[in-house]
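Modelling step: build the complete structure from the supplied sequences, incorporating the hints.
For the sequence shown, this note's numbering gives the first residue as 3, with consecutive numbering after it.
Cross-link-like lysine-lysine pairs, in silico, BS3-like; alpha carbons within 25 Å at most:
id: 1; residue 1: Lys260; residue 2: Lys283
id: 2; residue 1: Lys272; residue 2: Lys283
id: 3; residue 1: Lys125; residue 2: Lys137
id: 4; residue 1: Lys141; residue 2: Lys177
In case anyone wonders, no lab produced these hints; they're calculated from the structure.
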Amino acid sequence: MADETKKAEETTKAEEPKAEAPKAEAPKAEEKKPEEPKATPEQMADALAAFEAAEAGEPPPKPKAKPKAEAEAEAEAETETASEDESASEDESESESESEDEDEGEDEDDKPGFFARIFRRPKERAEQRLEEAAKETAKGRPPVVLFENVTKTYDAGTRSAFTAIKDVSFVVDDKEGLGELVAVLGPSGCGKSTILRLIAGLEPQHPATRGRVEVLGRPVVGPGADRGMVFQSYTSFDNRTVLENITFGLECRGVGRKDRTVLAEEMIQKVGLSVRHDADKFPHQLSGGMQQRVAIARTLILKPRIIMMDEPFGALDPITRMQMQDLLVSLWREVEATIFFVTHSIEEAVYLGDRVYLFSNSPGTILEEVEVPPPDRPAMEMQREPAFQEVVYELRDTIDRLEREQDLPQAKR
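Here it is as structure tokens:
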């Protein structure tokens, strides 16, 4: 009976369903991890020695020096890896810097009145421009004005000989459809006015003591109808009205009264005067700014190719001066003439000039040539810009240094 009971229990256990083991899920594709570098036998031995020393409370032993050949091979491998990383980072930085430069350039170009400053070595620059001018002249396209190693000495051969300018060279190109406005800047007595009078062919500055002065490819031998001049002092005829002063040059050329009156009235309006209220006034009835407007009108009505202006706004108050600067810019764009503008004002030179020639102390030589974009807004607005002021500060530092150097010899006396 006991045997039967035992067999029944065993049969029951066999018939009971077995608990199924959980099915193993399909292994997911694991990301391949970079294999860790395997330790060399030498490294394992060093690690074991360090562990045993730590257990015994002793300082860790120094690792055994690697064989020379093996050390050199490892050093070369590390160097190659480092150089590859450096070259990759350099390429990335270069591409980033290039993209940044492009972005910055676009931003700067979009900024109104942004000033590009280019300082050049004047002698090397002049030599290059003279070579280019010779080639263009051979093709029938001479520059408007050319100075080559020009020196002017007054009273040469006497004890009172004085050299105003020395070895001055520059070239002003003939820009088709638009003249260039060249500002001549420097301390007092540096020969700025001498430059203008050499171009104009006026004595006693003309002729040069040494060197070559050409206008439109021809040597300057005296004054010409292709050149006009505006002086700092008021040069209107006291016994002539505004209208008569402006028409004087046309009268000398034989232009009829009716034609010259029509032209003069147009010019009166262009320079900001009134035909009705100002045409019949005499010079003593005009303010300083109005008198300079008359002088500019008298010059422009003759349509000269080159206009020389010798500090024409120097005696005006600051507000009137800025108004005259804006007037000159608008007229210059209309008449398409090349203008040489002498000034003591750094702000005026930077605002008006396409290029600025900075002269040294006497004898005057060109120290720096600065190229700036032409003005695109009123003087009062542009002259407040940080970029504008930066150029002004750089030029002022140079001029201050020149004046200090000029004062040193006098102080020693």
